[in-house]
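Visitor: Listed here are the chains, written in short residue letters.
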Amino acid sequence: MNFTSPTPASRSSAPSGTAATKMPPPPRPSLRQRLGRRPFGLTFWAGTAILLFYLLAAFSALYVFHSSLNRVAVNPSWIPPEPFAPAIGPSSGHLFGILPGIGTDLFRALWQATPWDLTIVGGILAFDAVIGWLLGSLAGMNEGGTLDAVVSWIGDTLGAIPSFFLVIGIFAGLSALAPSEVSIPLFVLLFGVIIWPSTARLTRDRARLVARQPYVEATRACGGSRTRILFRHILPGSATSMLTQLPLDVSPIFFVLIIFPWFWDCASAGASLSSPVYLLPGLPPFYPLPSVYFPEWGNLLAIGVCYGLPISTGLVAGTVYWWMFLFPLAAILGLAFGISFVCDGLDRRLSMAHH
Amino acid sequence: MPPVVEGPVSEGRAPVVLDVRDLTTYFYTYDGVVQALEGVSFKLRRGETLGLVGETGCGKSVTAFSIVRLVQEPPGRIVGGKALFRGANLLWGLQGEATFKPIKGSDRVKVHRRFRRIKAAQNRLASVRGGGIAMIFQEPGQAMNPVFSISDQVGEVILLHRYIELIDGLLAATPDAPEVPAAIERLVAAARDGDLSVITAAAVELGNVVNLPTFGSEVHYLAKDSNPENWDRLASEIQRHLSRLRLTNSQRTYLGTQRRLAEIDRDLRAVYLDEMRRGEPRGRDRRRVSSARNRARLRAIRFALPGVKRRVSKPVREEVFWRVVRALEGVRIANPVQVARGFPHELSGGMLQRVMIAMALVGNPDILLADEPTTALDVTIQAQILELMRDLRHRVGTAILLITHDLAVIAEVADRVSVMYAGQIVETAGVKDVFTHPLHPYAQGLLASIPRFDQPSKKLTSIYGSVPNLIHPPTGCRFHPRCPYAMPVCREQRPPLTDEGNSHHVACFLYNGPKVVE
Amino acid sequence: MRGRPVHRFRISPYIRYAIQRLLLFPAQLLLVLLILYLALYIPSVLATGQYSGLTGFWSGFSQVVINDFSGNWGVSIQFGGVPVAQLYAWAIPQSIELAVFALGFAAAIAYPVSLLTGWSRRPPVDETVRITSLFGTFFPVIIAGGAVTAGLFYWFLSTYHDIPIGILPNSFWWLDQGYYLPPSWVLFTQAFTAPTGFPLIDGAIHGAWSFEEVVLLKTLIQAGLIAIVYVSIFLRHSFTIVRDAREELHVVAARSRGVSDRALLWRHTARRVRPTFLLLFALTLPAYLGTQFVVEATFHDYGLGTLVFLTLTGQIPPRQSLAPILESWQVMMFLLAIAVLAWLVAVDLIAHRLDPRPVTGK
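Going down the list, the protein sequences come from chains A, B and C. Position 353, counted from 1, in the first sequence is what this note's numbering calls 353; the numbers after and before it change by one each time, with no gaps. Position 485, counted from 1, in the second sequence is what this note's numbering calls 485; the numbers after and before it change by one each time, with no gaps. Position 302, counted from 1, in the third sequence is what this note's numbering calls 302; the numbers after and before it change by one each time, with no gaps.
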C-alpha cells in the first residue's frame, strides 16, 4: 500500500464550508423546463380545451338566447305537414339541419341547450365529487368507525338497486308535488344524492389503503392533526378513485336524459317523418324535463333518433337521416370526453407525484 | 458449460460464475434521466458470498435486478454493459432494443422501445432465471402470489427446472419390490414404539426400497403423525400411499410425453444460452426446437382434456407435493406438510423468507441474488436466516450476491465486500480488509458511522451532505462534493478502479496502484 | 390432514361463512324494500294527500311486502287483462335466455381482452383501450340498436323472410311457413312460448328447427350487441385491475424463477385477478341490466326490458287506483333487488372460494 489511510478523525476536522463551496450550483431550470417537468400530458390539455369551448358556448348562449332560454324556437312550417315530406338537411342557413319533430333549427337548439347541460352535469358531478370524495376519505380514514359503517351500508344498499331506476322513481313522486319549473334543480339534487355513495365506496377502499401507509403513521406519530392527515395525505391519495369514477358517472345522467324522452316521445308514439302525429299529449310522471320543447341534448338526441333512425322505433320503413342524431350525439360525447380527459390527466399527474 | 473446478472457496481461485462489466442502468422519468447505475463491475466466484453495501438508493437492488433484466421497463432501461454468466452475456442485444432522442429544452429523453425485441430478450433470460440465477426479495410476503398455495408456488419451480429428474424418479420407483412388505412391517413397528429416530430410519429405508427418497419423507410424516387410534390402519394407509407409485399405462405414456416436452424445453434453454454465449441469434436452432415442441404438444393433446389431465397427472402432482415438503425440510421448517398446504397469508415473515429460500434453491442455482433478505425480519429470525444461507452455501456451493445496507450482516456472512456509492462501486475487498482499513473516503465514513462495542468512547460521525440527485450527478467522482479530500481532478475525471494489493480495489485519486485491467 | 385423527362435526370456515351470508339475504331484502317504500311510496302518498299516520305507514309497508311476495301485482289492460305476474312469468325466461348468451359473449371477450390489454406495456394499447371504453360507455345503445337493425334489415328479410325485430318470428314468417295461425305453443300474438317459456328450449321440444334457426340468430345478434357495449364498460375498470396486478412484486418474483411470460399472465395474474373481476361484475351489474333492458326495448322483445318501459309509461296498470304507476314500478324494483342481491351473495361466495385470504372482518 502506498498511502496511509486517513483516519476518520481527520475527516471531521475538514471545515464544512469548503465542502459547500465545492458543491456545483444546481442548474436553474427555465420556466419551460419547470412546466414541462411534470407534464399533465396531451390528453389533459385537449380535455381542458374542449371544456373551455363548451363554457364559451354556454356563456354566449346565455347572451344570445337570454329572452327564452328554456324553450326552443319552433317554426310550425318545419313540422312536416303531410306524410313523406322531405327532411331539411344541413345547409348554410341551417348548419346542422332541421329537427322535424318539434320543428326547430338543430344548431341553434344545441347551442341553446349548452348552459342547461353544463349546469345539470356540472351540478351532479360537483355533488358526486365533493360529497363522495370527502365522506369516502373520512370513512376510509376512520376504518371501523360509525361514519365508515354508515357510508358502507348506504353504498351497499344503493348498490343493489340500479341507480337510474331509483332516480326516476323518486323523481316521479316528487315532480307530482313540485311545479315543472323546478324539475331541473330537482333532478340535479336527486341524482347527486343517489350517485355519491358509489364514489364514496370506491374512495373509501382507496383511503383505507392510504391510511395504512407508513408515512401517514409517521405524520400521526409526529403529532400531525387529523385534519392535516386528511388534507395532506388521505384526500390526495384517494383522489385517483374519485377521478376514475367521475367520468363514468356522466353516462347514467345522459342515459336517463336520453332514454325517457326517447321512450315517451318516440317508441310509444310511433313517431316518424311519415306520420304527422308525433307527440303524445301531456307528459308522463317520469319525464325529467319541464316540456318536450326544453333545450337539452338528451331530449334533442332522443327526438333526432326517432325521426332520423325510424327503425329504432319499430317502424320498418324509413330512411336514415344522419344529421338528426349525430350532431346531438357529438355534443354529448364531446362533453363526456372532455371531462374524461381532464380527469385522466389529473389522475396521471397525481399518481406521478405520488410515485 | 465450463468445467467446474472444485477448490478452496473464497481464495479467489474458484471459477468466476458471474462477471459484471460496466453495467449501466438509467430510468427515464418525467423529471429527467436518473443515472441509477454507472459502470458497475464486479466478479462473483463459485461458492463465494459477495456483499454489496451502500446507502439506500445507491443502486444496490438495481444492480441485482439489472443482471437478470427484471428492471421495470418503462421507465427503466439497461443502457450498457455486460453480465457474463458462465460465458453467456445475459445483456446481449441491448443496443437494438431501443433508440433514444433527447427532448429539446428539457432534461428528458424520449425512449422508443422495440417491444418485440425486448420480449425476445425476456424469453432468452427465462432460460437462466431460477435454474442458473435465483433471487430472494426483501418483502417475502409481497413476493408470493396470495392465491396460490405454498406447494403450488414451490412446486412450479420444480416443474420448471427439475421435471425430468422428477419423472425419472417416478418411473424408476419400485412399489412392488419384494422387500417392500418387510420394510412396511418395520416402519409400523417403529411407529408403535414411538422412537422418532427409529421411525425416521425405517422411513428412509422404505424410501430406499421403493427407490424413491421422497416416498421416505411421505411415510415418515404418516408414521410420525399416527397415534394409537390408527396404528392398525397405518399399514393399510402406507399401502394406499404406495399405490400412487403404481402407474397405469396411460399415466406412463403421459409421463413419457411430459419428459419429452421437458427435454425440448431444456434444449430450448441450451439454444438460448448458446445464443448469449456466441452473441449472435440462432434462429434456425430456435425454430427447430420450437417446432419440435409444437409437434410434441400436438401429440400429447389428448392429455390436455381437463378430466383426462386430472387423472393422468395425479402421480406428478403428488410427487411434486412431497418434493416441496422435502425442500421445506431443507430450510428447516418444522411442520413442512402443513406449511406446504397453506397459503402465504398464513405464515410469518421469517417462515415466508425460508419458503422463498427453498423456492430459490430448489432449482439448484449457481448464483443466488439476495436483495436485502433480512431487512424486514426481526433480529432472531435474521440470525436464523443468515445461518441458513451460510450453511446452504457450504452444502450446495451456490455463489451469493448479498445486498444489504446492514454492515453487521455483511461482516457475518460475506467473503468479499463491494461498497457502492451513487450507482458506482467505489471499493471492493475481502471482508476483513474493508472493516480494518477501508481505503475510499466514503467507505471510511460509512464505517465511522457504525457504533462499536469495542470502542465505546469513540464519537460516531456521519458523512457530510446527502446522497446526490442522480438526475444531475456530480461530475467526475460522484463522491467529491462530500469528500474531505477532494482535489480539482476529482471534479473533472472519474477515478479508475485501481488494485492496492491483496485484491483490494478502490476507485479514488488518492491511491495510485496499478489499474484493474478489464 | 392425512394420518391425523379426523375431527368429527367440524364445519369448515367457508361453509360457516356461506351460511351466515345466506341468512343475511332476507334481512337485506327487507331493508331494500323498506328503502324503496320510503323512497317511492311516501312521495306518492304526499302527492295524493292520503297520509294516515305512522300506523298507516307500517300497515302500508306490510301490505306492500305481502303483495310483493304473494305475486298480487295487478292486471294489465294492454295485454287484455292478463295478470302482471303472468306477464313477468312469460318475460323473465326470454330475458334470462338472452342474458345467458350475452354474458357468455361478454365473458369470452372481456376476460382475455382485459388480461391482454392490462398486461401490455405499450402506450398505444393503453390509449386505445381508454378511448374505446369511453365510447362504449357513452354511446347510446338505442343508436347502436337502430343501426344494427337498419343494417341487417334487408339481408335478414330476404334470407329468413322475417324482420330482425323481436326474438320470436313475426306473423308473416309463420304465414310463409304455411301457418295461418302460429302453432298452439306460441302464445299471445307470437310473444311467448310454452311450456318452459325459454323460446330455444320450447322450439327444441316441439322440433321446430327452422324456428330455432331464426330465434337463435336473433338472440345472437342482440346478445352480441349487449356484449360489445357491456364489455367496453367492464374493460375500463378491468384493465386497470390487471395493470395494478402486473406491478405487484410477486410477478417479478415469479419471473425471477424462470416462469415464462405466458404462464405469468394466464396462470399467475389471471388467478390473482379473477376474484376482483367477479366483484367488478357485481358492481357493474346495474350497467349490464340497463344495457340489456335498452336493447330489449329497442328490438321490441317481450322481455323484462320492454316491461320496464311499459311500466314507466303507465301501460301496465296498477292493482290499486292510488299512485298507479309507482306501485307496478315497485314490483319491478322488488324483482331487480332480489336479482341483484342474490347475485351479490353468489359473487361474494365465489370470490371467497377463489381468494384464500380471509375477509378482514370488522
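It should be emphasised that the hints constitute simulated quantities derived from the structure, not laboratory data. Backbone N, C-alpha and C fix where the C-beta goes; we use that ideal spot for every residue, glycine too. Be careful, since some hints might not be right.
Residues on chain C that point at chain A, a partial pick, calculated with CB under 8 Å [claimed, not checked]:
id: 1; residue: I143
id: 2; residue: G290
id: 3; residue: V345
Here are the simulated lysine to aspartate or glutamate pairs, EDC-like style, with alpha carbons at most 20 Å apart [as the list claims (entries may be wrong)]:
id: 4; chain 1: B; residue 1: K119; chain 2: C; residue 2: E247
id: 5; chain 1: B; residue 1: K515; chain 2: B; residue 2: D152
id: 6; chain 1: B; residue 1: K110; chain 2: C; residue 2: D126
Away from chain A, derived, C-beta distances all over 12 Å, residues of chain C [claimed, not checked]:
id: 7; residue: Y17
id: 8; residue: Q63
id: 9; residue: A150
id: 10; residue: Y179
id: 11; residue: A204
id: 12; residue: A297
Visitor: It remains to establish, for every hint, whether it holds in the given structure.
Guide: Against the structure, the hints:
At a threshold of 8 Å, the smallest CB-CB gap from I143/C to chain A is about 6 Å, leaving the interface hint in force. Taken as an interface hint, G290/C checks out: its beta carbon lies about 6 Å from the nearest beta carbon of chain A, inside 8 Å. With 8 Å as the threshold, the beta carbon of V345/C stays out of range of chain A, its nearest partner Cβ sitting at about 11 Å, so the hint is violated. At most 20 Å may separate the alpha-carbon atoms for a hinted pair to count; K119/B and E247/C meet this at roughly 17 Å.
Under the criterion of a C-alpha separation no larger than 20 Å, the hint pairing K515/B with D152/B is inconsistent with the structure, at around 50 Å. Distance restraint check for K110/B and D126/C: the Cα-Cα separation of roughly 18 Å lies within the 20 Å cut-off, and the hinted pair is therefore satisfied. Taking the minimum C-beta to C-beta distance to chain A, about 17 Å, the non-interface status of Y17/C holds against the 12 Å cut. Taking the minimum C-beta to C-beta distance to chain A, about 18 Å, the non-interface status of Q63/C holds against the 12 Å cut.
At roughly 5 Å, the least C-beta separation between A150/C and chain A is not larger than 12 Å, which violates its mark as non-interface. For Y179/C, the condition that its CB be more than 12 Å from all CB atoms of chain A holds, with the nearest at approximately 21 Å. Its beta-carbon lying about 28 Å from the closest one in chain A, A204/C satisfies the requirement of being farther than 12 Å from that chain. Distance to chain A contradicts A297/C as a non-interface residue, since its nearest Cβ pair spans about 7 Å, not more than 12 Å.
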